[in-house]
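Enquirer: Now for the letters of each chain:
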Amino acid sequence: MLTRLANPARFMRASGAVLPWLAAATALVLAVGLVWALVFAPPDYQQGESVRIMFVHVPAAWMASAAYLFVAVASAVALVWRHPLAEIAAQAAAPVGAAFTFVCLVTGSLWGRPMWGAWWVWDARLTSVLVLFFLYLGYIALVNAFDDPARGGRAGAILALVGVINLPIIKFSVDWWNTLHQPASVFRLGGPTIALSLLLPLLLMALGFTLLFAALVLLRMRTALWERRLRALRLYGGVSLPHAAE
Amino acid sequence: MTGWLAMGGYAAFVWPAYAVAVIVLGGLAAMSWRRYRAVRRELDAARRPGDDA
Chain B
0 MLTRLANPAR
10 FMRASGAVLP
20 WLAAATALVL
30 AVGLVWALVF
40 APPDYQQGES
50 VRIMFVHVPA
60 AWMASAAYLF
70 VAVASAVALV
80 WRHPLAEIAA
90 QAAAPVGAAF
100 TFVCLVTGSL
110 WGRPMWGAWW
120 VWDARLTSVL
130 VLFFLYLGYI
140 ALVNAFDDPA
150 RGGRAGAILA
160 LVGVINLPII
170 KFSVDWWNTL
180 HQPASVFRLG
190 GPTIALSLLL
200 PLLLMALGFT
210 LLFAALVLLR
220 MRTALWERRL
230 RALRLYGGVS
240 LPHAAE
Chain U
0 MTGWLAMGGY
10 AAFVWPAYAV
20 AVIVLGGLAA
30 MSWRRYRAVR
40 RELDAARRPG
50 DDA
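Here the protein sequences come in this chain order: B and U.
When we follow numbering that gives the first Met the number 0, the leftmost residue of the first sequence carries the number 0, and every step to the right adds one.
When we follow numbering that gives the first Met the number 0, the leftmost residue of the second sequence carries the number 0, and every step to the right adds one.
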């Protein structure tokens, strides 16, 4: 299915059909998730109402890493097979991943102040996620630093691949080092350790963020494909080009 | 209602956290959507016969 969709014209047709439904599903899941997280979820017996920050912070953290993995895999495909859609996918996803990482860092800080007594500590988890944020910014800057988009795309793809080393560091930082940040409580051997009444709204928000990521990446990929066609139209006048999307 | 808004004394941390998430993610979605519409319009204009753009 992926190889069939890898044709830009097919991608435009399929994504155009899927996008309205994806946007509607995103809005619905996030609306229900927000009300559940802010109203119906019980306060934690130790953290009190501050636990509600977790319903944004943890899914944003998951998406920060998942989006980076998406950028890296798409970059690898772009480097190895030179497929234009893969490069467009990586570049469309990077700002979305950066936004999730920023939300993760700020909400974590807002939770850390009352719970730890500090807005920020240089422990391994926090530092590696800050590095992830800078990797996103570096990737975006590098892609746009060249007059020739093809060269920028290649340089960015290589940076994205080198940066993958940071993902296992983020994941296992809480096991490898003595961090102030707590260890995993959902994706761990032996199953989740948090109460179902808190786990369900957390998973719903995570689903909402995943849908939001998919919708934004599709939207931004369609924009990028149109921009390429626009550039081609302006370069070659009205000459119709092969592979003209849609 | 006031009790809920107070968030058990954590209002100063819970509400800004949600506000940042809504502003950053909602802002990115709004920017992406506006760019999408603008590029679509430019493309339609560029394709119009006789239009030199």
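Hints are computed from structural coordinates only; laboratory data are not their basis.
Cβ atoms here follow ideal geometry from the backbone N, Cα and C, with glycine treated the same way.
Among the hints, a few may not be true.
[Unchecked claim] Only some residues are given here: those of chain B computed to face chain U with a beta carbon under 8 Å:
#: 1; residue: Arg51
#: 2; residue: Leu129
#: 3; residue: Asp146
[Claimed, not checked] Some, not all, of what chain B presents toward chain U, calculated at C-beta under 8 Å:
#: 4; residue: Gly47
#: 5; residue: Leu109
#: 6; residue: Arg112
#: 7; residue: Trp115
#: 8; residue: Ala117
#: 9; residue: Trp121
#: 10; residue: Ala123
#: 11; residue: Leu211
#: 12; residue: Leu218
#: 13; residue: Arg219
#: 14; residue: Arg228
#: 15; residue: Arg233
#: 16; residue: Leu234
Enquirer: Of all the hints numbered above, which does this structure not satisfy? Sort the numbers upward.
Expert: 2, 3, 7, 8, 9, 10, 16
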